[in-house]
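Student: So you can see what is in the structure, the chains are spelled out below.
There are 2 protein chains.
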Amino acid sequence: MAQKPSIPKGTRDFSPLEMMRRQYIFDTIRGVFRLYGFAPLETPSMENLSTLLGKYGDEGDKLLFKILNSGDYASKLNDEEVRQASKICEKGLRYDLTVPFARYVVQHQGELTFPFKRYQIQPVWRADRPQKGRYREFYQCDVDVIGTRSLLCEVELIEIVERVFRALGIRVALKMNNRKILYGIAEAIGHADKMMDITIAIDKLEKIGLDNVKAELLERGLEQEAVDKLQPILELSGDNTQKLAKLKEVLSASETGMKGIEEIETVFGYLEQQHLDLNVELDLSLARGLNYYTGAIFEVKALDFAIGSICGGGRYDDLTGIFGMPNTSGVGISFGADRIYDVMTGLELFPEDVNCSTKVLFVNLGQKEEAASMTLIKQLRDAGIAAEIYPESSKMKKQMEYANRRSIPYVVIIGSQELEESMATVKDMRSGDQQKVSFAEIVKSIK
Amino acid sequence: MAQKPSIPKGTRDFSPLEMMRRQYIFDTIRGVFRLYGFAPLETPSMENLSTLLGKYGDEGDKLLFKILNSGDYASKLNDEEVRQASKICEKGLRYDLTVPFARYVVQHQGELTFPFKRYQIQPVWRADRPQKGRYREFYQCDVDVIGTRSLLCEVELIEIVERVFRALGIRVALKMNNRKILYGIAEAIGHADKMMDITIAIDKLEKIGLDNVKAELLERGLEQEAVDKLQPILELSGDNTQKLAKLKEVLSASETGMKGIEEIETVFGYLEQQHLDLNVELDLSLARGLNYYTGAIFEVKALDFAIGSICGGGRYDDLTGIFGMPNTSGVGISFGADRIYDVMTGLELFPEDVNCSTKVLFVNLGQKEEAASMTLIKQLRDAGIAAEIYPESSKMKKQMEYANRRSIPYVVIIGSQELEESMATVKDMRSGDQQKVSFAEIVKSIK
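Residue numbers (my numbering), protein chains in the order written: chain R, 21 to 467; chain A, 21 to 467.
Next up, chain R with everything else stripped away, as it sits in the complex (with noise of 0.2 Å):
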C-alpha cells in the first residue's frame, strides 16, 4: 500500500489545534444556550428517506446522501429496480437538523412539555459539489422553541446572539425583517401574488442599485403604477423608528403587513427595555430563502470580516405540518460554526490557552526524577491543570522541541539537582524566562 490514504473530497480532519478552537465555539454557544433554559438534543444521523425526501424542493433531494440497504440489496430486484435509487437505499444521512426536529416533535408529542426549547448541535451531509467554504459535511448549531407565539422568544433569541457573540469577542450587526411585512408590502401594492418577485428584487438593491431594481420589478410583472408606489419602500431610510413609521403609512391598508409592522415594534420595545447593546437593524430587503418562515426573520453578519452572514433565523408557523401536526408556532436560529471558525482565525480572536492542550510539560531526564515528576503531575492534575511527563528520557533538545511544537507554555525541569533540594527550573516557553520553585509550589506557581 504505497499510496498516502485519503478522504473523501469535501470532508475534513480536524486536528488538535482546529478542533480545540472548534470545541471553545461550540462550548461558547453551548454554555448561553443552557443559560436560557434550552435543554439538549440528538437525533439519528440515519433518517428514514420517507422522512427527508420532498422537504428540500428538487434540489434538495438531489443533495441528499443515501445509504445502500444492508445485506443483499439486489437480489430480489429486477434489472430495473436495481437501477432506482429508491429501491437500494431506504435510509438517508440527515441535510439538516429542523427536519428531524419536526419528525422528533411530532413523534414524541405526547412526551414533550410545550412549549419545548432545544438545542442541537451536530453534523450534517449534503452531496454538494465542494468549493471553498462550502462542505459535505459540516456542523449547525440550532436553537428553537416550539409552541407558542410569543414574541419574547424572538427577544430571547437575540439576546442569545448578543450573548454568544459578545462571548466570542466578535462585533456583529443584526438584520431583522418580518415575513408578514413583505407579503403586506406586496399587498400594499396591489401584487400579494408576487411576494416572492418582490422580495428577490428588493434583496438586490445594495448590488445593483435602484433603477435596475425597478427594471426588474417591470420585467417580474409588475406594471409601472406598482413599482411607483413600491418607491418609498425601495427609498426608506432612517433609523428603526423612521422605517416604521413610514411603512405604516404604506401599509395601512394591509392587516398582514400592520400585523407584522406590530410584531417587530413589540420585539424592538423589549430590546429596548433590556438596553441590549446589539445594533439591530430593520433590513426590509432581508428575505432568506426559506419559505417556511411566516414571521420574524433575522441574520446576523459581523462588522469587522467580509463572510456571508454567521447566524440566522426565523419564526415558523408550521413546520410539523409536513409530518401531520398542523399549527404548531415555533422560532428559531442556527449559528454557522465554519463561518464564526474563519471569523475568529481572521480577527486572531482565540484566546491563547485554547491553542495549547497541555499547560505543563514535565521534562524526563531518568527514573528518579520521573518518580518525582508523577507526584507533582498528580497534584497539578487534582487542581485541575492539565500536566504531563515526556514518556521516554530522550535528549533535552528532543523534549524541549516537543513542548514547543505542542505550543506548551511552561515546562518543568527536574534534574538530579533540582531533586537533591527538592526544587523544580520552572521554564516560561513564551518568555524564557526561568526560575527555581520548590515542590511544594509547584501547583501554586503555575496557577
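Don't read these hints as lab results, they were simulated from the structure.
Predicted model only: the values in this text are computed from it and were never measured.
Fair warning: there could be bad hints in the mix.
Note: identical chains are not told apart, hence a pair may lie in one copy or across any two.
[To be verified] Calculated pairs, BS3-like style, for lysine-lysine (alpha carbon to alpha carbon, straight line, at most 30 Å):
(1) Lys107 to Lys75
(2) Lys24 to Lys96
(3) Lys107 to Lys96
(4) Lys467 to Lys418
(5) Lys379 to Lys263
(6) Lys388 to Lys418
(7) Lys266 to Lys388
(8) Lys418 to Lys321
Take the given structure of chain R and dock chain A to it, following the hints.
Tutor: For chain A alone, coordinates are given in the frame of chain R:
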C-alpha cells in the same frame, strides 16, 4: 400523512434528559483526557471504502454502512455491475475510531508531533442486527498515544480510568494482561502456533471450569503433555505478586513471555509508586478480540452493576502498518458511553442538577411583571444561572405544571403585590417551601 414518523431501527433519538446525562458523561471523560494532555481529533463520518474494507475481517466488511454514489450512480454500469456494491458505492460510514485514527496519523505524519496524544469522541455505525443494548449508531470515546513504547503511557491510561470512574462515582476493577505473556504461555508448552486457541480456552475458565477447558484444549489439538504443562497456569491464584512469581517459573524459557512479565511488573511498580486507589488485577484469561494488540491489554468492569466491560484497550505495535507506516507503537483505551450510561442510570449516580436544564422559572403574570422579571433574569444569567420566563401569561397552574414537568427546581413569582414591594416569592419546587426575597437579593438567594 396520517402515519407517525419514525426512525430507522437500531438508531435512537436522545431526549433532553438523556442528552444532559450523556453530556455529563462525555464532559467528564473529556475533562479527564484533557488533564492528561490529550488533544481532541475529529475525522469525517465518511471514509473511502478502500480505507475501511479489509480492516475488520469479513464479518466487519459486511457490517459497513455504504453510501450510494451521488448523482446518476447506475447509467454507466451494466446489469451485472450495478448489482455490486463496490461499483455503486465509494464511501462508507466509519465503523470505529481506530482505523480512521491510523489513517489520519499516516496521512498527516509529516505535520504531527510524536508521541502524538489524541482523544476522539464521535459516533460510529455498524449494520449489526439491532438488539437490546446493541445499536447501529453509537458513540466511542477513544484515547491513544502513538509513537512511543514507554510504559508510562500504560500508567497514564490506567490513571485516566481511575480518575474518570471516580469522577462519575462508579466503583470499578481493572483487569490487565499482556499479549506477550499469552504468547509466552503458548511457547512454554510447545505450541507457539496455537496461542489464540489456548487463549480462547483459558478465557472460558470461569464459565465452564477447569476440566472442560482441558477437554477443549485436547480437542483443539494439544497433546496431553502440553495440557499438563498448562495446568499450573490454569490454577494460578493469589495476588498479582504471587501470580507473577509463579509465571516467571513457568515462562523462564520464553524470551517473549519474560518480556511481558517485565512490562507488567514495571507498570505495577509505577502504580504502586503513585498510590493509585484502583483495584488492578493481573488476569491471564483476559484476551480481548482485537488481533492488533501486542502488549498490555486492559478491561474495566463495574463492581456494583452486572454488565459487560465498560472500558478496554491495549498496546499495538503496528496499527499504522496497514496504511504503509510500519513500526509505530501505540497504546489506547476506549470508554463505552452507552454502558456507562446504563450503569449510572441503574445505580442512580447522576447528580441531581444534571437532570434539569433550567434552574429558575419566572412565572409570567402580565406585562409589567414580565418587565421586572426580565431584568432579574438577566442578572441571574450574568451570574451563570440558567433562568427563563414562561413566554405567555397563562394560568398559574399551567405554568407550575411546566416547571414540574421540566424538573425546574426554583420558581419565582412576581405578581402585582410583589412588584410594589420589589420583592419576589421564591418557591423551592422540591420541598414546596416559599420565601419572599428582595429583588436585590435574588441572585444571592438562588446561588
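Student: Next step is simple, just say for each hint if it's right about the structure.
Tutor: Hint check results:
1. Lys107 to Lys75: Intra 19 Å, inter 29 Å, cutoff 30 Å: intra and inter.
2. Lys24 to Lys96: Cα proximity of Lys24 and Lys96: across copies only (28 Å, versus 38 Å in one copy).
3. Lys107 to Lys96: So Lys107 and Lys96 pass the 30 Å test inside a copy (10 Å) and across (18 Å) alike.
4. Lys467 to Lys418: within (26 Å within a copy, 49 Å between copies)
5. Lys379 to Lys263: Close neither inside one copy (53 Å) nor across copies (40 Å); limit 30 Å.
6. Lys388 to Lys418: within (20 Å within a copy, 67 Å between copies)
7. Lys266 to Lys388: between (81 Å within a copy, 29 Å between copies)
8. Lys418 to Lys321: Neither, since 45 Å and 38 Å both go past 30 Å.
In terms of the numbered hints stated before, the structure departs from hints 5 and 8, listed from lowest to highest.
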